[in-house]
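Enquirer: Next come the chains, spelled out residue by residue.
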Amino acid sequence: MKKLIGEANELVSQMVEGMVHAHPELYGRVEGFNVICRADGAKSGKVGLVSGGGSGHEPAHAGYVGDGMLDAAVCGEVFTSPTPDMVLEGIKAADGGNGVLLVVKNYAGDVMNFELAAELADAEGIKVDHVVVADDVAITNKEDRRGVAGTVFVHKIAGAAAASGKSLDEVKALAEKVAANVRSMGMAVEPCYMPVSGKPGFDLNEEEMEIGIGIHGERGVERKPTTNVDAIVDDLLDHLKKEVSPGEVAVMVNGMGGTPLSELYVTYHFVAKKLEDAGYTLKRKYVGNYMTSLEMHGFSITLLPLDEELTSYLDAPSAALGFKL
Amino acid sequence: MKKLIGEANELVSQMVEGMVHAHPELYGRVEGFNVICRADGAKSGKVGLVSGGGSGHEPAHAGYVGDGMLDAAVCGEVFTSPTPDMVLEGIKAADGGNGVLLVVKNYAGDVMNFELAAELADAEGIKVDHVVVADDVAITNKEDRRGVAGTVFVHKIAGAAAASGKSLDEVKALAEKVAANVRSMGMAVEPCYMPVSGKPGFDLNEEEMEIGIGIHGERGVERKPTTNVDAIVDDLLDHLKKEVSPGEVAVMVNGMGGTPLSELYVTYHFVAKKLEDAGYTLKRKYVGNYMTSLEMHGFSITLLPLDEELTSYLDAPSAALGFKL
Amino acid sequence: MLTIEGFKQALRHAQSEIEANKDTLTDLDRAIGDGDHGINMSRGFEAVVAVLDDDYATLGDLSKKVGMTLMSKVGGAAGPLYGSAFVKAAPKFGDATEADFSLVKEALVEASTAIKARGKSEVGQKTMVDVWEPFLSDLNESDDFDTKLDQLVGATEDMVATKGRASYFGENSRGTIDPGALSSSIVLKAIMKEVE
Amino acid sequence: MLTIEGFKQALRHAQSEIEANKDTLTDLDRAIGDGDHGINMSRGFEAVVAVLDDDYATLGDLSKKVGMTLMSKVGGAAGPLYGSAFVKAAPKFGDATEADFSLVKEALVEASTAIKARGKSEVGQKTMVDVWEPFLSDLNESDDFDTKLDQLVGATEDMVATKGRASYFGENSRGTIDPGALSSSIVLKAIMKEVE
Ligand SMILES: Nc1ncnc2c1ncn2[C@@H]1O[C@H](COP(=O)(O)OP(=O)(O)O)[C@@H](O)[C@H]1O
Ligand SMILES: Nc1ncnc2c1ncn2[C@@H]1O[C@H](COP(=O)(O)OP(=O)(O)O)[C@@H](O)[C@H]1O
Ligand SMILES: [Mg+2]
Ligand SMILES: [Mg+2]
Ligand SMILES: [Mg+2]
Ligand SMILES: [Mg+2]
Chain A
197 MKKLIGEANE
207 LVSQMVEGMV
217 HAHPELYGRV
227 EGFNVICRAD
237 GAKSGKVGLV
247 SGGGSGHEPA
257 HAGYVGDGML
267 DAAVCGEVFT
277 SPTPDMVLEG
287 IKAADGGNGV
297 LLVVKNYAGD
307 VMNFELAAEL
317 ADAEGIKVDH
327 VVVADDVAIT
337 NKEDRRGVAG
347 TVFVHKIAGA
357 AAASGKSLDE
367 VKALAEKVAA
377 NVRSMGMAVE
387 PCYMPVSGKP
397 GFDLNEEEME
407 IGIGIHGERG
417 VERKPTTNVD
427 AIVDDLLDHL
437 KKEVSPGEVA
447 VMVNGMGGTP
457 LSELYVTYHF
467 VAKKLEDAGY
477 TLKRKYVGNY
487 MTSLEMHGFS
497 ITLLPLDEEL
507 TSYLDAPSAA
517 LGFKL
Chain B
197 MKKLIGEANE
207 LVSQMVEGMV
217 HAHPELYGRV
227 EGFNVICRAD
237 GAKSGKVGLV
247 SGGGSGHEPA
257 HAGYVGDGML
267 DAAVCGEVFT
277 SPTPDMVLEG
287 IKAADGGNGV
297 LLVVKNYAGD
307 VMNFELAAEL
317 ADAEGIKVDH
327 VVVADDVAIT
337 NKEDRRGVAG
347 TVFVHKIAGA
357 AAASGKSLDE
367 VKALAEKVAA
377 NVRSMGMAVE
387 PCYMPVSGKP
397 GFDLNEEEME
407 IGIGIHGERG
417 VERKPTTNVD
427 AIVDDLLDHL
437 KKEVSPGEVA
447 VMVNGMGGTP
457 LSELYVTYHF
467 VAKKLEDAGY
477 TLKRKYVGNY
487 MTSLEMHGFS
497 ITLLPLDEEL
507 TSYLDAPSAA
517 LGFKL
Chain C
50 MLTIEGFKQA
60 LRHAQSEIEA
70 NKDTLTDLDR
80 AIGDGDHGIN
90 MSRGFEAVVA
100 VLDDDYATLG
110 DLSKKVGMTL
120 MSKVGGAAGP
130 LYGSAFVKAA
140 PKFGDATEAD
150 FSLVKEALVE
160 ASTAIKARGK
170 SEVGQKTMVD
180 VWEPFLSDLN
190 ESDDFDTKLD
200 QLVGATEDMV
210 ATKGRASYFG
220 ENSRGTIDPG
230 ALSSSIVLKA
240 IMKEVE
Chain D
50 MLTIEGFKQA
60 LRHAQSEIEA
70 NKDTLTDLDR
80 AIGDGDHGIN
90 MSRGFEAVVA
100 VLDDDYATLG
110 DLSKKVGMTL
120 MSKVGGAAGP
130 LYGSAFVKAA
140 PKFGDATEAD
150 FSLVKEALVE
160 ASTAIKARGK
170 SEVGQKTMVD
180 VWEPFLSDLN
190 ESDDFDTKLD
200 QLVGATEDMV
210 ATKGRASYFG
220 ENSRGTIDPG
230 ALSSSIVLKA
240 IMKEVE
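Protein chains in written order, with the numbering used here: chain A, 197 to 521; chain B, 197 to 521; chain C, 50 to 245; chain D, 50 to 245.
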């Protein structure tokens, strides 16, 4: 395992430091916390939007902070949910007086820490609500599904709705509409390595790949012999097509952090062909690193059924570095 | 070696196919060639800007096609300069009647193939000129220096100048001003793997890294024991500071394709601190994957001394996916 | 009797045991989770030890401080669970400066209840609950605490997870001990040792 | 005498030898370049073989077609170099339908000159020029072509590169044969075999 870092336990703090230094026009840092907020502070009257989770998913979540998307990103230790006090700082930084919506990925830790923070914020008189994203179809049981790359669409659409002046309830309803319909599935040919322990999330030999991975280095739900990406795409789409009917969709081919962009576009080439053959209309397309897992080599496919409302929020301007429009 | 591709010899063609399908509003493909041009065709009266080279450097070069940057990107086989007939197609696609500037990275193959193409274009009555970028200070002899990440600044500044209506000579003069002053140096802790042969560019054991790598999987000029990134940054900056004097600069911390964004920001954190301590003013900062080498795990640092002219072109709007402003 | 000093001693002991088992905890979590449990617990208990130099008037104050510290340092799933445990045990300890076996047990039952409530979990889901709940349910002062805890930890090996990250692997989660169960046994052993 | 059929045979032979040495060429380029020379040459000569089924009226036509094909299929540095070589040899072959040793030699000297001009290179820089130029400079019909070519290829091993990618490694480029020198010897051997 080779890491381009300083001291492993200062990784998140130095990353946040670097982000704020590189983009001072965009980012501020909540003093003493690994929390990134808007450089220009909370927008009075606007519903605040906060997300976060463990670090290691860059550009998520700080890369989605900016006009039209998030107001604060809470950066936990690598692959470890942030603590309630941190999330509370994010909430405070995002609060413009009209309530704050938390976008939470469905992990026991994230849900508990964000809920605790919401309780603390409530005690301080801040109106807080939250939406849980659970888009990973690799997990059969819907309640247990992980929140993965589909979360980015929640950020984008809820962010645009908040920017357009919608109320907390309205923004939440939109976020839930996205969360209810977005579906993702991922795979990897190489694991990522935990910076502190130096260990890979799983051990694969040269001929194996993991299907149905999460974004925290966890093993997939199935281990298979490697094939070319044409066949891999078939495999993932088989799962996704069971839950998303043909029609107009947004598709995202998301890199896991260590995947060359050339491979993502080759992958997208197959995804597009197969979906169109199956009767889907690819109304919006996104290819790149959106929700990564350190240097993992792999990708996920996300589908979001689109109507006019969602499309218009998806297309709304965004200043966020990870989703600039 | 694990690759997320279909047939290795169709990689570039399928990647180009994927790019054009994903971004039809931005890209067109020159029929029958791995050449990406503007969806809306050459801009009449504007100086055309063409770059390219081997593939495997994504988002370079297609990611820099768009309003305010390139008009065409010529995508050779992986790490192999494109052929003259391909470059000629790029030139034709970019020609708006006022001449075309080629941005060429300083490799024997690129220089020869682009020169041959310029001769062919000349024979067809198209005014063509070129600029050669050789920013890699890892190579002592200035004439032999490779063109690496600094090329992106040439694209950006020449692109903005062309978009502003400058003549071929003026655009060329600006491109040469950037090329004459920009300096880069890179390193890697893990090699990349050639898609066709399946072989790594070099073999490193767990305790070694390569300093002074290029962007084609070639070994660095020095092999050393791995250290933390703090010390690595010192090493690279020592070389760069010899050639770029303290003052206002643009700095780019560029990922080689397999480097997590978190590591790039940690790296940037050290770069910024050390440069500021040494009397540099970081007027513009860029952190991300700009000029990659497949899945290589490493980074490069680029410095460009800035004056008002260069700064304003650097800040001009750009629709290119890899440098959206 | 658990005194304030004894409680502190227990926490210092827990910290050193977690440190000694850091890699084991991480490896277990690597097999059926995301490989950070040892790191999270180590970070949290290091922070706990750092607050032990302060003076505490009551066991309740100390327990609350420990809970708040864990809550803000551990992160992940374990953070809110351990944090809630100590925070919710605090009122039971109340103003006491020492606690006999039955008060300790009552406080720990509060802790266990807090874990289940926060985690929306119950016995049999292959989590730390499978140590806390059965350990406390029929606990006697004369029990061999360590042996009982070891058995409970061992029993999680054959379970199939239905809560937490391990649940993603379904049947494949069988065959590995739950990391949170092991860390719980470390913490409970350290406390019970000071009660004896 | 090199006939049109003999020239075609030489190119087919070159292709199969390049295929057989593809990995060697790539590995040499991996050591002191970017590891694609075997791949580039293989792609180029496969395309050359594909155009050999066509009819050609003259050796010049064939040589030009081969050059254009290599130019548009090999890429990298080798593409324009080999491409220019065959394109520039074509006028020397002219309208001839067969060439004796001295005409072949003249045409190859043109090719060698074209390589140097296109590559702005000369003898001693550890490139393919170190095969082409000395091989042709004192070539006699009675020479043992293969042995001479093998010696020239071998001699590049000890050189320090000052042109092409290998030059990046300075002194470290010593100890490896130049890949372009090896591919050049393959091509030249195949042609000379048909002249004999
Ligand atoms: N809902 C839950 N209820 C009780 N315990 C849980 C729950 N979810 C997880 N755990 C416990 O937490 C442990 C994992 O902690 P840790 O690895 O630190 O957090 P994370 O899973 O967020 O990485 C598991 O081994 C399990 O014992
Ligand atoms: N300027 C030059 N003059 C002559 N030969 C050259 C020159 N540059 C490179 N070569 C030859 O080309 C070979 C490399 O070809 P290849 O690997 O296909 O291209 P690239 O270097 O672009 O990857 C070298 O081994 C060398 O013999
Ligand atoms: Mg975790
Ligand atoms: Mg090459
Ligand atoms: Mg864990
Ligand atoms: Mg090469």
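Simulated from the structure, these hints should not be mistaken for lab results. Fair warning: there could be bad hints in the mix.
As the list claims (entries may be wrong) - For lysine-lysine, the following DSS-like pairs were computed, each having C-alpha atoms within a straight-line distance of at most 30 Å: (1) B:K323 - D:K165; (2) C:K169 - A:K373; (3) A:K420 - B:K469; (4) B:K395 - B:K438; (5) A:K338 - A:K469; (6) A:K469 - A:K437; (7) A:K470 - B:K323; (8) B:K288 - D:K114; (9) B:K288 - D:K238; (10) A:K198 - B:K438; (11) C:K57 - C:K197; (12) B:K288 - B:K198; (13) A:K198 - A:K362; (14) A:K437 - A:K479; (15) A:K323 - C:K165; (16) B:K323 - D:K238; (17) B:K323 - A:K198; (18) C:K165 - C:K141; (19) A:K395 - C:K141.
Enquirer: All hints are to be evaluated individually against the structure, with a verdict given for each.
Expert: Each hint tested on the structure:
{"no.": "1", "hint": "B:K323 - D:K165", "in the structure": "holds, 27 Å"}
{"no.": "2", "hint": "C:K169 - A:K373", "in the structure": "holds, 25 Å"}
{"no.": "3", "hint": "A:K420 - B:K469", "in the structure": "violated, 46 Å"}
{"no.": "4", "hint": "B:K395 - B:K438", "in the structure": "violated, 35 Å"}
{"no.": "5", "hint": "A:K338 - A:K469", "in the structure": "holds, 28 Å"}
{"no.": "6", "hint": "A:K469 - A:K437", "in the structure": "holds, 14 Å"}
{"no.": "7", "hint": "A:K470 - B:K323", "in the structure": "violated, 43 Å"}
{"no.": "8", "hint": "B:K288 - D:K114", "in the structure": "holds, 23 Å"}
{"no.": "9", "hint": "B:K288 - D:K238", "in the structure": "violated, 39 Å"}
{"no.": "10", "hint": "A:K198 - B:K438", "in the structure": "holds, 28 Å"}
{"no.": "11", "hint": "C:K57 - C:K197", "in the structure": "holds, 23 Å"}
{"no.": "12", "hint": "B:K288 - B:K198", "in the structure": "violated, 37 Å"}
{"no.": "13", "hint": "A:K198 - A:K362", "in the structure": "violated, 46 Å"}
{"no.": "14", "hint": "A:K437 - A:K479", "in the structure": "holds, 16 Å"}
{"no.": "15", "hint": "A:K323 - C:K165", "in the structure": "holds, 27 Å"}
{"no.": "16", "hint": "B:K323 - D:K238", "in the structure": "violated, 42 Å"}
{"no.": "17", "hint": "B:K323 - A:K198", "in the structure": "violated, 49 Å"}
{"no.": "18", "hint": "C:K165 - C:K141", "in the structure": "holds, 17 Å"}
{"no.": "19", "hint": "A:K395 - C:K141", "in the structure": "violated, 41 Å"}
Violated hints, listed in ascending order, are 3, 4, 7, 9, 12, 13, 16, 17 and 19; each of the other numbered hints is respected by the structure.
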